[in-house]
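**Student:** Chains as they are written, first to last, in numbering that gives the first Met the number 0: chain A, 0 to 232; chain B, 0 to 252.
Keep in mind the hints are simulated off the structure, nothing from the lab. A hint or two may mislead.
[Unchecked claim] Straight-line alpha carbon distances no greater than 20 Å define the calculated EDC-like cross-link-like pairs of lysine to aspartate or glutamate that follow:
| id | chain 1 | residue 1 | chain 2 | residue 2 |
| --- | --- | --- | --- | --- |
| 1 | B | K145 | A | D135 |
| 2 | B | K189 | A | E18 |
| 3 | A | K212 | B | D118 |
| 4 | B | K130 | A | E190 |
| 5 | B | K159 | A | E190 |
| 6 | B | K201 | A | D135 |
| 7 | B | K249 | A | E190 |
| 8 | B | K130 | A | E198 |
| 9 | B | K126 | A | E204 |
| 10 | A | K212 | B | E239 |
| 11 | B | K129 | A | E190 |
| 12 | B | K65 | B | D118 |
| 13 | B | K145 | B | E57 |
| 14 | A | K212 | B | E57 |
| 15 | B | K201 | A | E198 |
| 16 | B | K189 | A | E190 |
| 17 | A | K212 | B | E132 |
| 18 | B | K247 | A | E204 |
| 19 | B | K247 | A | E198 |
| 20 | B | K159 | A | E18 |
| 21 | B | K189 | B | D110 |
| 22 | B | K159 | A | E198 |
| 23 | B | K189 | A | E204 |
| 24 | B | K249 | A | D135 |
| 25 | A | K29 | A | E42 |
| 26 | A | K29 | A | D110 |
| 27 | B | K201 | A | E205 |
| 28 | B | K247 | A | D135 |
| 29 | B | K130 | A | E205 |
| 30 | B | K249 | A | E205 |
| 31 | B | K145 | A | E205 |
| 32 | B | K247 | A | E205 |
| 33 | B | K145 | A | D19 |
| 34 | B | K159 | A | E214 |
| 35 | B | K129 | B | D242 |
| 36 | B | K249 | B | E219 |
| 37 | B | K189 | A | E198 |
[Said to hold, decoys possible] Here are some, though not all, of the chain B residues that point toward chain A, as calculated from beta-carbon distances under 8 Å:
| id | residue |
| --- | --- |
| 38 | K145 |
| 39 | S146 |
| 40 | F149 |
Ideal Cβ positions, reconstructed from N, Cα and C, are used throughout, including at glycine.
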Amino acid sequence: MGDRPLHCSIKNPILLTVEDQKNAFHSGCKVIDVTFPNVSSPEVGEICFKNYYTAYVSIRVKFKAAPENGAESGEIKWKTCVRRMRLMPSPHKESGSQDYFAISKKQFSFDISNISAMRIILQQPSPVWKEFRIEDLRLYRSSEMLSKPPPLPAWLTEDSANSTKHKLEIYYDDPDSDDQEVEDMGIPNLESISSSLQELWGLSEEMAINQSKTEIGRYEVDGCYEVNLLAYT
Amino acid sequence: MADKKKPNSADDRPQETDRQFLERYSIGTLMKDVLGKIVSNRPKDPITFLSDYFDSLEDQSNLVLKARNIIEMTHHSRPVFEMNVRQAYDIMLKQKVGKRLYGVNGTSYTDLIKTLCRDMPQPVTTKLLKKIECLDYEAITFDVFKSGVFTCCVLQDYVKLCEMLFNSLDFQSSGKVDKILSDVVNEQLKAALANTRTDARKIVEAGYNLGPDGLFYALERGMRSKSQLGGQTLEQFTIEICDAFLSKVKRLR
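Produce the entire structure from the sequences given, and follow the hints as far as they go.
**Tutor:** Here it is in structure tokens:
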């Protein structure tokens, strides 16, 4: 999930207002511009942030211009990827005001890939909260491990009903056991063998950890000490 | 007056000569040393420890033997072991190597390793020496010395454990172990040791492979092959199991 961060430059939020001498008002709308200066083909899989009293968030994306349509470069529009996602159930109240959010690919209207810029629009219509923003904004590429998770090791998934101890008990209790080979050869005491083996393993590991890392300082080339070789290297 | 003095001086002299007698042979320091060693090493059998200590005092001439006795005073898992190794190294530093040159060189280091491994089968010692031996003229630093001595002491424990394992595998008490069983056990141990992970999963996986369940599967597979490969004696078994240990010993460079 979070192991493929996308490098981008995030600008400070700008409060959008309608500039007018007489009617200055607090619009309750801010925009955060995100550009990707060093990334060749940015694609976004996930957007994570911490909310601070923002009620709704929208994300608009500008795609890179196609090279042959040089004349149309002025007409690149901003496309809305996430439309007015509600972060706070009630904008006047506290709930959701300081929660952590992760917008994943499923919530995008289209796949965000090969974009030139992104705008994150914050809205807070309530007059109660004058100050609002989002913190710790992070963009991540889409993860390649979207398919099944890695398989669990055998020792974690083994069912105790199937375990060998259970099977051994069945062998010993059942006098009409079909398994002649097991009866003929006999089973040595597994518990003691196992504990001896584990102790042997433990000793070997302990010894391996305490091996000296210092070198004695031998002048050897490929395992043999040849003065002539040393003279040429 | 003279009469009174005489009995006094007769009483004083025996007391002084007692103390002087003890001091003449430095018995006091000897006793202090032994008591100090008993307290720091905490042997399981102090009486045997005392008798071994006094026996070894006679081997003062051979520095290698002296060093070996000090190293074997305590088990390698105790913190005093490191102090004993340092003491043994200091003793061996007094070895004369050349004209006005004293120190631990390859010969005395190899001698010490050989005498520490005197209870093991010869092939095991040979293989161990191939990995950690030093040429005669090389100077041995304390780090290398400590690592080699520690490996030998752990190997001593390992060989004793091998014997216990042999006895449990030899469930028919015939003195020989089925080669199939020995091969299976050896394979499991080598597989567990070959795991190169560095986190706790290594321990859990080793525990699973070497636990009764994993062993049962491996043994069942081995027994179903039905081939008769004969038996192995204790010595052959020990040599094979020690291969797993020796694979983890780093070769000296």
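**Student:** Checking one constraint from the list: CA of K159 of chain B to CA of E18 of chain A, max 20 Å. Satisfied?
**Tutor:** violated, 89 Å
**Student:** Sort out whether E190 of chain A lies within 20 Å of K159 of chain B, counting only the CA atoms.
**Tutor:** Answer holds: K159 of chain B to E190 of chain A is near 18 Å, not above 20 Å.
**Student:** Between the alpha carbons of K126 of chain B and E204 of chain A, is the straight-line distance 20 Å or under?
**Tutor:** Roughly 19 Å between the alpha carbons, so the hint for K126 of chain B and E204 of chain A holds.
**Student:** Hey, K247 of chain B versus E205 of chain A, does the alpha-carbon distance stay inside 20 Å?
**Tutor:** Holds, at roughly 10 Å.
**Student:** Mind checking the alpha carbons of K249 of chain B and D135 of chain A for me, to see if they're no more than 20 Å apart?
**Tutor:** Violated, at about 48 Å.
**Student:** K29 of chain A and D110 of chain A were given as a pair; does the straight-line alpha-carbon distance stay at or below 20 Å?
**Tutor:** violated, 24 Å
**Student:** With a cut-off of 8 Å on the beta carbons, see whether F149 of chain B makes it to chain A.
**Tutor:** Check passed: Cβ of F149 of chain B comes within 5 Å of chain A, closer than 8 Å.
**Student:** Below or equal to 20 Å on CA atoms is what counts here, so check K129 of chain B against D242 of chain B.
**Tutor:** holds, 13 Å
**Student:** Hinted pair, alpha-carbon criterion (20 Å max): K201 of chain B, E205 of chain A. Please report holds or violated.
**Tutor:** holds, 13 Å
**Student:** Grab the minimum C-beta distance from K145 of chain B to chain A and call the hint holds if it beats 8 Å, violated otherwise.
**Tutor:** Constraint on K145 of chain B satisfied, holds at 7 Å.
**Student:** With a cut-off of 20 Å on the C-alpha distance, tell me whether K159 of chain B and E198 of chain A pass.
**Tutor:** Since the Cα atoms of K159 of chain B and E198 of chain A sit roughly 11 Å apart, the hinted pair holds (cutoff 20 Å).
**Student:** Holds or violated: K247 of chain B and E204 of chain A, Cα atoms, limit 20 Å.
**Tutor:** holds, 8 Å
Checked against the numbered hints above, the structure breaks hints 1, 2, 3, 4, 6, 7, 8, 10, 11, 13, 14, 20, 21, 24, 25, 26, 28, 33, 34 and 36 and satisfies the rest.
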